[in-house]
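Keeping the supplied structure of chain A fixed, place chain B upon it in accordance with the hints.
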Amino acid sequence: MKTNSTKRFVYITLLSAMAITINILESTLIPPLPFGIRFGLANIIALITIEILGVKEMIIVNIMRVVIGNLLRGLIFGTTFWIAFGGVALSSIVLILCKKMNSSLLFTSTLSSIGHTVGQVFVVMFIYQQASMIAIVPYLLIAAIPTGILTGIVAKEALKRVKV
Amino acid sequence: MKKKEMMMILGVVVIAAVIFIAVQFMNTQKNKDVVRVIYKSDTVLEFDPNKDAEYWFDGSYGKLMVEVKEGQWRVTNEECPNHVCSSTGWVSADSYLPIICLPNEISVELK
Chain A
1 MKTNSTKRFV YITLLSAMAI TINILESTLI PPLPFGIRFG LANIIALITI
51 EILGVKEMII VNIMRVVIGN LLRGLIFGTT FWIAFGGVAL SSIVLILCKK
101 MNSSLLFTST LSSIGHTVGQ VFVVMFIYQQ ASMIAIVPYL LIAAIPTGIL
151 TGIVAKEALK RVKV
Chain B
1 MKKKEMMMIL GVVVIAAVIF IAVQFMNTQK NKDVVRVIYK SDTVLEFDPN
51 KDAEYWFDGS YGKLMVEVKE GQWRVTNEEC PNHVCSSTGW VSADSYLPII
101 CLPNEISVEL K
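As given, the protein sequences belong to chains A and B, one line each in that order.
Take 1 as the starting number for the first sequence in the UniProt record's numbering and just add one per residue.
Take 1 as the starting number for the second sequence in the UniProt record's numbering and just add one per residue.
With the rest of the complex left out, here is chain A (with noise of 0.2 angstroms):
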């Protein structure tokens, strides 16, 4: 998209909140399900936002997700933050490199749920040492397939909807 700096600055001021928001309402209003899984409701924001901004933009707003999301809820720079942080960077390089190949919405964002299930459970194993952590692996692995694909449709549905 070619906009001017304001316009484009006030795009990733927006979406940024609304990733800030989502995240938020997710881990406070949807009870934990087994394994810890989520649905990871705020990658949509960041499918939206790579598709319509750019790459550059999609990792300022999730920079902004985990930071912001992690300050407001008192939880910065603890391992909760850590986690979260090693989920955002994996789903954004592979977000990237979705891109890149051009690769369709649904499996880009199946993929980027992967991604962040396989950031997680590394960082996970690096600050805890848990090595039985690699027994709800698969769980996860097998649980970031649908909540990816749902986080895609939502995307697709939303970006079809969006004009800029």
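No wet-lab data here; the hints were simulated from the structure.
Keep in mind that a hint or two might mislead.
To be verified - Incomplete in silico selection of chain A near chain B, CB under 7 angstroms:
1. Pro-34
2. Gly-36
3. Ile-114
4. Ser-132
What the hints assert, rightly or not - With a Cα cut of at most 25 angstroms, we get these calculated DSS-like pairs of lysine-lysine:
5. Lys-4/B <-> Lys-40/B
6. Lys-111/B <-> Lys-100/A
7. Lys-100/A <-> Lys-156/A
8. Lys-163/A <-> Lys-99/A
9. Lys-2/B <-> Lys-160/A
10. Lys-30/B <-> Lys-4/B
11. Lys-163/A <-> Lys-7/A
12. Lys-51/B <-> Lys-63/B
13. Lys-3/B <-> Lys-99/A
14. Lys-3/B <-> Lys-160/A
15. Lys-156/A <-> Lys-30/B
16. Lys-100/A <-> Lys-163/A
17. Lys-111/B <-> Lys-40/B
18. Lys-111/B <-> Lys-51/B
19. Lys-100/A <-> Lys-3/B
20. Lys-7/A <-> Lys-99/A
21. Lys-100/A <-> Lys-2/B
22. Lys-2/B <-> Lys-99/A
23. Lys-51/B <-> Lys-30/B
24. Lys-156/A <-> Lys-3/B
25. Lys-156/A <-> Lys-2/B
26. Lys-4/B <-> Lys-99/A
27. Lys-156/A <-> Lys-99/A
28. Lys-100/A <-> Lys-160/A
For each residue, glycine too, the CB sits at the ideal point set by N, CA and C.
Just chain B now, with coordinates in the frame of chain A:
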């Protein structure tokens, strides 16, 4: 989705299945009569799952209780933000999963 993309998703499913089978195999090698509770990397208690009991532990975040009943065990009354450990529910030697509470740095697993 394109065909290549479907294959990649399928690849992830296969990886998950391989890990699952490997973990199941490793579980068959474990001692089914001793369950241990690990805090950080130290074993703080070993118990017999066939003896009903309630054990309390102090974790890094707060207290939690391990309830043992008729060969099954679970974590309840935990003080933690996400309650992932209690949502794992009852586990036994036959339907085994390690129960992990990350904020408390406690895990309950077979020896």
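Task: Broken hints, by number - done: 5, 6, 10, 15
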